[in-house]
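**Student:** Make the full structure from the sequences, and use the hints.
Protein chains: 2
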Amino acid sequence: MNSQQQNRFPRVVIIGGGFGGIEVAKGLKNKEVDVLLLDRNNHHTFQPLLYQVATGTLDAPSIAFPLRKMFRKQENFTFRIADVRGIDTTNKLLDTDIGPIRYDYLVIATGATTNFFGNKDLEYYAMPMKNVREAVNIRSFFLQNIEEALLKETPEEREPYLNFVVVGGGPTGVELSGAIAELRNHILSKDYPELKKEDMNVYLVEGLPKVLANLSPQASEKAELYLRELGVKVLLNVQVTGYNGDEITFADGQCVKTKTVLWSAGVMGQFPAGISQEIVVRGNRIRVDEECRVIGMKDIFAIGDVAAMVTDDLPRGHPGVAPVAQQQGRFLAKNIMRIINGQPTEQFKYFDKGSMATIGRNKAVVDIGKVRFQGFFAWWVWMFVHLMSLVGFRNRVVTFINWAINYITFNAGIRLIIHKYQRPPRYSEELKQLSDTMK
Amino acid sequence: MNSQQQNRFPRVVIIGGGFGGIEVAKGLKNKEVDVLLLDRNNHHTFQPLLYQVATGTLDAPSIAFPLRKMFRKQENFTFRIADVRGIDTTNKLLDTDIGPIRYDYLVIATGATTNFFGNKDLEYYAMPMKNVREAVNIRSFFLQNIEEALLKETPEEREPYLNFVVVGGGPTGVELSGAIAELRNHILSKDYPELKKEDMNVYLVEGLPKVLANLSPQASEKAELYLRELGVKVLLNVQVTGYNGDEITFADGQCVKTKTVLWSAGVMGQFPAGISQEIVVRGNRIRVDEECRVIGMKDIFAIGDVAAMVTDDLPRGHPGVAPVAQQQGRFLAKNIMRIINGQPTEQFKYFDKGSMATIGRNKAVVDIGKVRFQGFFAWWVWMFVHLMSLVGFRNRVVTFINWAINYITFNAGIRLIIHKYQRPPRYSEELKQLSDTMK
Numbered sequence: 001m002n003s004q005q006q007n008r009f010p011r012v013v014i015i016g017g018g019f020g021g022i023e024v025a026k027g028l029k030n031k032e033v034d035v036l037l038l039d040r041n042n043h044h045t046f047q048p049l050l051y052q053v054a055t056g057t058l059d060a061p062s063i064a065f066p067l068r069k070m071f072r073k074q075e076n077f078t079f080r081i082a083d084v085r086g087i088d089t090t091n092k093l094l095d096t097d098i099g100p101i102r103y104d105y106l107v108i109a110t111g112a113t114t115n116f117f118g119n120k121d122l123e124y125y126a127m128p129m130k131n132v133r134e135a136v137n138i139r140s141f142f143l144q145n146i147e148e149a150l151l152k153e154t155p156e157e158r159e160p161y162l163n164f165v166v167v168g169g170g171p172t173g174v175e176l177s178g179a180i181a182e183l184r185n186h187i188l189s190k191d192y193p194e195l196k197k198e199d200m201n202v203y204l205v206e207g208l209p210k211v212l213a214n215l216s217p218q219a220s221e222k223a224e225l226y227l228r229e230l231g232v233k234v235l236l237n238v239q240v241t242g243y244n245g246d247e248i249t250f251a252d253g254q255c256v257k258t259k260t261v262l263w264s265a266g267v268m269g270q271f272p273a274g275i276s277q278e279i280v281v282r283g284n285r286i287r288v289d290e291e292c293r294v295i296g297m298k299d300i301f302a303i304g305d306v307a308a309m310v311t312d313d314l315p316r317g318h319p320g321v322a323p324v325a326q327q328q329g330r331f332l333a334k335n336i337m338r339i340i341n342g343q344p345t346e347q348f349k350y351f352d353k354g355s356m357a358t359i360g361r362n363k364a365v366v367d368i369g370k371v372r373f374q375g376f377f378a379w380w381v382w383m384f385v386h387l388m389s390l391v392g393f394r395n396r397v398v399t400f401i402n403w404a405i406n407y408i409t410f411n412a413g414i415r416l417i418i419h420k421y422q423r424p425p426r427y428s429e430e431l432k433q434l435s436d437t438m439k
Numbered sequence: 001m002n003s004q005q006q007n008r009f010p011r012v013v014i015i016g017g018g019f020g021g022i023e024v025a026k027g028l029k030n031k032e033v034d035v036l037l038l039d040r041n042n043h044h045t046f047q048p049l050l051y052q053v054a055t056g057t058l059d060a061p062s063i064a065f066p067l068r069k070m071f072r073k074q075e076n077f078t079f080r081i082a083d084v085r086g087i088d089t090t091n092k093l094l095d096t097d098i099g100p101i102r103y104d105y106l107v108i109a110t111g112a113t114t115n116f117f118g119n120k121d122l123e124y125y126a127m128p129m130k131n132v133r134e135a136v137n138i139r140s141f142f143l144q145n146i147e148e149a150l151l152k153e154t155p156e157e158r159e160p161y162l163n164f165v166v167v168g169g170g171p172t173g174v175e176l177s178g179a180i181a182e183l184r185n186h187i188l189s190k191d192y193p194e195l196k197k198e199d200m201n202v203y204l205v206e207g208l209p210k211v212l213a214n215l216s217p218q219a220s221e222k223a224e225l226y227l228r229e230l231g232v233k234v235l236l237n238v239q240v241t242g243y244n245g246d247e248i249t250f251a252d253g254q255c256v257k258t259k260t261v262l263w264s265a266g267v268m269g270q271f272p273a274g275i276s277q278e279i280v281v282r283g284n285r286i287r288v289d290e291e292c293r294v295i296g297m298k299d300i301f302a303i304g305d306v307a308a309m310v311t312d313d314l315p316r317g318h319p320g321v322a323p324v325a326q327q328q329g330r331f332l333a334k335n336i337m338r339i340i341n342g343q344p345t346e347q348f349k350y351f352d353k354g355s356m357a358t359i360g361r362n363k364a365v366v367d368i369g370k371v372r373f374q375g376f377f378a379w380w381v382w383m384f385v386h387l388m389s390l391v392g393f394r395n396r397v398v399t400f401i402n403w404a405i406n407y408i409t410f411n412a413g414i415r416l417i418i419h420k421y422q423r424p425p426r427y428s429e430e431l432k433q434l435s436d437t438m439k
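Heads up: the sequence lines are chains W and X, in that order. Mapping the first sequence onto full-length UniProt numbering, position 280 (from 1) lands on 280, and the numbers just tick up by one. Mapping the second sequence onto full-length UniProt numbering, position 49 (from 1) lands on 49, and the numbers just tick up by one.
Honestly, I wouldn't trust all of these hints.
[Said to hold, decoys possible] Going by beta-carbon spacing under 8 Å, a handful of chain W positions derived as facing chain X:
hint : residue
1    : Asp59
2    : Pro61
3    : Lys69
4    : Ile81
5    : Thr96
6    : Ile98
7    : Val132
8    : Arg133
9    : Val136
10   : His186
11   : Asp191
12   : Arg394
13   : Val397
14   : Ile401
15   : Leu416
[Claimed, not checked] Here are the computed lysine-lysine pairs in the DSS-like style, where the Cα-Cα straight-line distance is at most 30 Å:
hint : chain 1 : residue 1 : chain 2 : residue 2
16   : W       : Lys31     : X       : Lys197
17   : X       : Lys26     : W       : Lys197
18   : X       : Lys420    : X       : Lys233
19   : X       : Lys190    : W       : Lys73
20   : W       : Lys197    : X       : Lys29
21   : X       : Lys197    : X       : Lys130
22   : W       : Lys298    : W       : Lys29
23   : X       : Lys197    : W       : Lys420
Calculated from the structure, these hints are not laboratory results. Every residue gets a Cβ at the ideal spot worked out from N, C-alpha and C, and that includes glycine.
**Tutor:** Shown next, in the form of structure tokens:
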């Protein structure tokens, strides 16, 4: 960090280049601060379209954008790939894998990771989808399993390779299971003439009595109907009790033989060590005040999925969605400058633009305040909003082309296994192998 | 292989879905044979543009095309991902990782792999570029090294991370070193404001006295000039003696400190066990007769890079380029049908359409028979030919857009580290670690 050690201006360090972090950095452009953005990856990820990478409609680079390129015209901006392990709030130092980093103001925008609720088997065998690598893994594993199914002699042997179970009926689970069902309906028997679409099953498992529980009742009902029309087996009020890599079991005693469980049933905040457990609330989120300041801290802020701005109106804080992170990021950049300039600070107000989810071709649901609509027009709105939200002209053009070809031909898609997916050895299995070797 | 065990028609098994293998399969469409194509990957790779994936101009899916999708309208076609380990010529059986496979006619179209000429250090530390995975690895490692350089305090410490050495002055080495030089000239200081282009060095090392030795003298001279104009340090008549991951050494005593050696200095045929060493010639290629039949075999053929059709005119066989493989593939499909139908067979004649290589923006060399031209027009010819050769409408459109944006903005490119590159542990190192554990 040699180039940043001696600065004239206060240094704002942002941990995380997600929707929130990049808005803070952009908001500080041309201001009298030095901005240092840290992320484990060299790119921002457009998470709402991860499921299209997982199902092969889009290529990974369309939804990932290099952070350096994004900020190349911002002179007060520096980027480093770094893994931040801890925060020393007393000395205002970060402990990272690239050495200690000093901050004057710290923004924790580290987002959320998959929550397996402590179930180690699920954590090992079920596949999460929170970053591009994980989405590409799902794509590879999906294709590998179909190839593997073709090598089996009997339908019974094939079954676990052709059953795909998505757990979690939120927007991610709905969109993912819908997209897999479209692959089944339109692609399967074309690419694999030995298979009929009836050979493959797509399950969506949800613990609540409805999907899209955070949207309007109309949206929930319509989404469930659309999923069933696509052939998704929607299991509601069903709790997952276990998964051993071959069979997923439910609290009601049912089970499904499957090699592939995709887990979108929960997220939890992730952040470096050094934050008092007293201010960590449900979902592993850090409590912040209405200025996004971490409770009890002076110069440390948290925004987005990792932050819980608990108020009387919002006992659990804001929902973990991109617009909250973006609005908090823009707000915080201004507030930090107000603090530096000795001006009175303001309080964050969330403007809810609405929610939407797509289920499949011509099938989406949109809630905008009291305005709710579903179907063909909702689908076009969904596409337009997501296309325009992508970062980079190239990405918008390439995504548009992929979507257009897919819409016309029913047959776009990137069904490549480039990096074959293999589960890493499990810790206990590694130990067993080592002890076997030593016998 | 249940679905293929009982056939009425003779079964033609093709090992390898490269330029040659896919032409054989296409040529057998609607013929009274069953075609089984085997490949380790589920996609065909357009190898001539691998260097653009390595340098981030193109995304991997643009140059890879799923083999199942390519042949979905061919009813007598079956595909399996398989690694063929051996050929039992007596029983006409292949030994594969998905079980034994019977053939009536066998086409070995397994291509070539990187040749490190037995140097185990080079094999471990230098990076090859023969498939999409390896190209993506180069892209990641290139970006990782620049990020690493930024963490170093002194120019001396930075140097090995910012020196890039390409070994081999054939078309691949010329195109790769030219593309890296363009990244250096147009991108480096924009993405990494802490660095100047002078901080980075690109070397091209060739053992012969000229680059592009297989092209015309005019093409060689012009290519070298173009490379030098781009700032590539072209080292001719230089033999590599060793590389330890930190420093590459040459026979003349020179050395270059570098973390990155890209190896395009040689290829060799690769094929399953079971072929007599007596018919394997220079470059590990299998000798075939003028009907592409493996010498001494009745029903086994070899085409493309793995085959050496040695004649008085061509003591080393044909050059290892795509058009040879494609023409042999088309030829062989017809000859196999002639054999099956009891008609007289024909002999292969290669039609040389010429050679070309691109060095950088507006800079290419083209030899078509006695017609030779270089520069701006050659570059457009190169682009047009390669664009039209890509498989799939989507890939052509996306590649065109990437090239157009790159041409206009000097700033396209996919500079993402999605899968971080790490060298796998070396065998001896693994053993050492294990013995350390056991102490």
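**Student:** So which of those numbered hints doesn't the model satisfy?
**Tutor:** 5, 10, 23
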